[in-house]
Amino acid sequence: MTNKNLKTDKRRDFLKKAGLGLLTAIGLPKIVFASKKTVLKKRLAMVIDLQKCTGCGACTIVCKNENNVDDGILWANKMSQTVGKFPNVRYDYIPTLCNHCEKAPCVKVCPTQAMHKDNNGITMHDTKKCVGCRYCMVACPYKVISFNAGTPHKRWRNDKTPIPGASSAKELNGKVGGNVIPYYNPERAETYAGIRPINAVEKCLFCDHLVKKGEDPRCVQRCPSKARIFGDLNDPNSKVVKLLGKYTPIKLKEHMGTMPKVFYIRSFNPSKHHL
Amino acid sequence: MMSNIKNVLWYTLLISLLAIGIYSAFMQVTQGHIITGISKQVPWGVYIAAFTFFIGISTGSTLIGFIIYVFKRDDLKSLELRAVMLGLVTLIGALLCLISDVGNPLRMLKVPFLMRNTSSVFFFTSLSYYTFGTILLVQLISIVKLKSDPENEKFKKTLRWLSIIAFPVAMGIVLVPDGALFSFVKAREFWNRPLLLPHFANAGLVSAMGILIIFAFISEKIENRKLLNDASKSLMGYLLVFLVAGVLFLDLFDILVLNYSEKPEGMEAWKLLTGRHLFLFALNILGLFLAFLILLTKKGRTFPNMTIPAILIVFAISAYRYNLIIVGQEVPLFAGEHILNYSASFTEISICSGITALVLLVYRLVIRRIENGKISLSEA
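Line by line, the protein sequences give chains A and B.
Counting from 78, one number per residue, gives the positions in the first sequence under this note's numbering.
Counting from 4, one number per residue, gives the positions in the second sequence under this note's numbering.
Derived from the structure by calculation, the hints contain no laboratory data.
A couple of the hints might just be wrong.
[Claimed, not checked] Derived lysine-lysine pairs resembling DSBU-like cross-links, with alpha carbons at most 30 Å apart: (1) A:Lys185 - B:Lys157; (2) A:Lys141 - B:Lys43; (3) B:Lys189 - A:Lys206; (4) B:Lys43 - A:Lys231; (5) B:Lys266 - A:Lys185; (6) A:Lys119 - B:Lys189; (7) B:Lys266 - A:Lys206; (8) A:Lys185 - A:Lys119; (9) B:Lys113 - A:Lys328.
Small disclaimer: the values here were computed from a predicted structure and weren't measured.
Kindly produce the complete structure, drawing on both the sequences and the hints.
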């Protein structure tokens, strides 16, 4: 074989290997690191009518009951603010909850995909994957994620009697057939941890266990003034779409680009008083 | 005799801090994070501040190896082992801080291999720690091997190439993504600024150089082991001036941008820095400024005078790291919201002190054993 042929063969070999290497370098990461992409069937959202909301807090209490939420943690919360000087005073009461953003920062930053989107557009959480890093809490602009820093429902786990002859909290719980807490809702455990473990985060899940059965979240069902409306943004006949077509909604921190799916309509005081 | 007493006192202090840290860690494991100062407003506390401090030193220490092999400064070779060892132990320290912070550390070890989210910066940072740690470990092994067999060409070449790539890897793949953990968070306006990444990186470099100068001084004065000649000391001095000037420039521009931004979050951050966190803020800015002024003088760049600015720099950068993490979260997310302040608990402080003591203990013990030939990897 001449030198020229040898050189050509070596060049061909090198080019083959380089091409294979390049394909591997481009293709392998795509195969290995491919993230599961959720196909959205629905875009479930909530509209809150601020003129109907009376600030009774029933949504907060019923949510805690439905989801076995611990003391000190609120999945359904509120923001209230008094602005202005008498007589030009305005009181704002805004019920808050997880906005189940379409571009959820908590989903983006979660290192284990414990925070993820389901195919109904609900930002879900998996306690079995949660490492408790709290990056989601840091990244969330709405402060709606809570961390179980201590043992949840510690006072109901207390087996010490307060006075001799009295029952301990744990005994009382057992007497009424509760599971950790006397008002334990077993339905919550159908799709999520019934009682969240220590060192994991938790947040509103739009009562996904009820949504799966075709029901609305409990806060929507139990609001005495029907201020909360729930539905699918992909369904043109849903109540939420009709309301959003009728009223100009406000979204919290819209400039962040998170595309929240909790909309506020009809602010109570149209004339705004500023300090 | 005196140096023996000093050694005993020093080791006693370190072991005591380590013991208290271990006890506090046990209490945290059994009782949960409820005994720390974290809250819904401030989910990341002093563990993350300590993590950023350690990771900055770990990555910054690679500059020495880079200077030795790229700029052919063999006079700094005596500092090479210390720099690599510092990088390794502070990386371990940083990871221990992370382990103390997360709720499920065993589960965290599965990231990024068994559990991952490629859109999260955590994915890249966790990969980078394994890569960087491997580079430092192989560097250390090469240095130890070369001590017993100085003519081994294989390890000479390995050490040379690893020292050259360690610095860009440390800066580009470790430190910058770690800074991105904060700067990419849009929700926290104090972090979501373009100057944060270069500031974060530069602070790491300057703190590492400061610590190495302190260690070199301790070696010279207490252990009677002269590591640097006059030319090397002068180089370290000029390097420190340059790095401090960079950090000071970025610090001052950060303040100007914050003050003139007119954003409510910027105003709140400025209120916090000049109010509740004034002491640490002043320590950061004035400490760096004072260090810069001392280093500008010729006398300030000689031993032992250079240790004063080095100590000031280490304190200034720790103050910067703390303020960065805590103030960034204390700024209210909604206008008019009550600021929920963070105070580090005894548990957090003792665990961080314990980790620092462990880092210093391991560093000192391993360095002494390697230099005394008690650790060697020579072939039989």
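Taking the hints in turn, this is what the structure says about them:
1. A:Lys185 - B:Lys157: violated (44 Å)
2. A:Lys141 - B:Lys43: It holds: about 17 Å lies between the C-alpha atoms, which stays within 30 Å.
3. B:Lys189 - A:Lys206: Holds, because 24 Å separates the two Cα atoms, which is no more than 30 Å.
4. B:Lys43 - A:Lys231: Cα-Cα ~19 Å, so holds.
5. B:Lys266 - A:Lys185: holds (26 Å)
6. A:Lys119 - B:Lys189: holds (27 Å)
7. B:Lys266 - A:Lys206: Roughly 37 Å between the alpha carbons, so the hint for Lys266 (chain B) and Lys206 (chain A) is violated.
8. A:Lys185 - A:Lys119: Satisfied, since the Cα-Cα distance of roughly 20 Å is no more than 30 Å.
9. B:Lys113 - A:Lys328: violated (37 Å)
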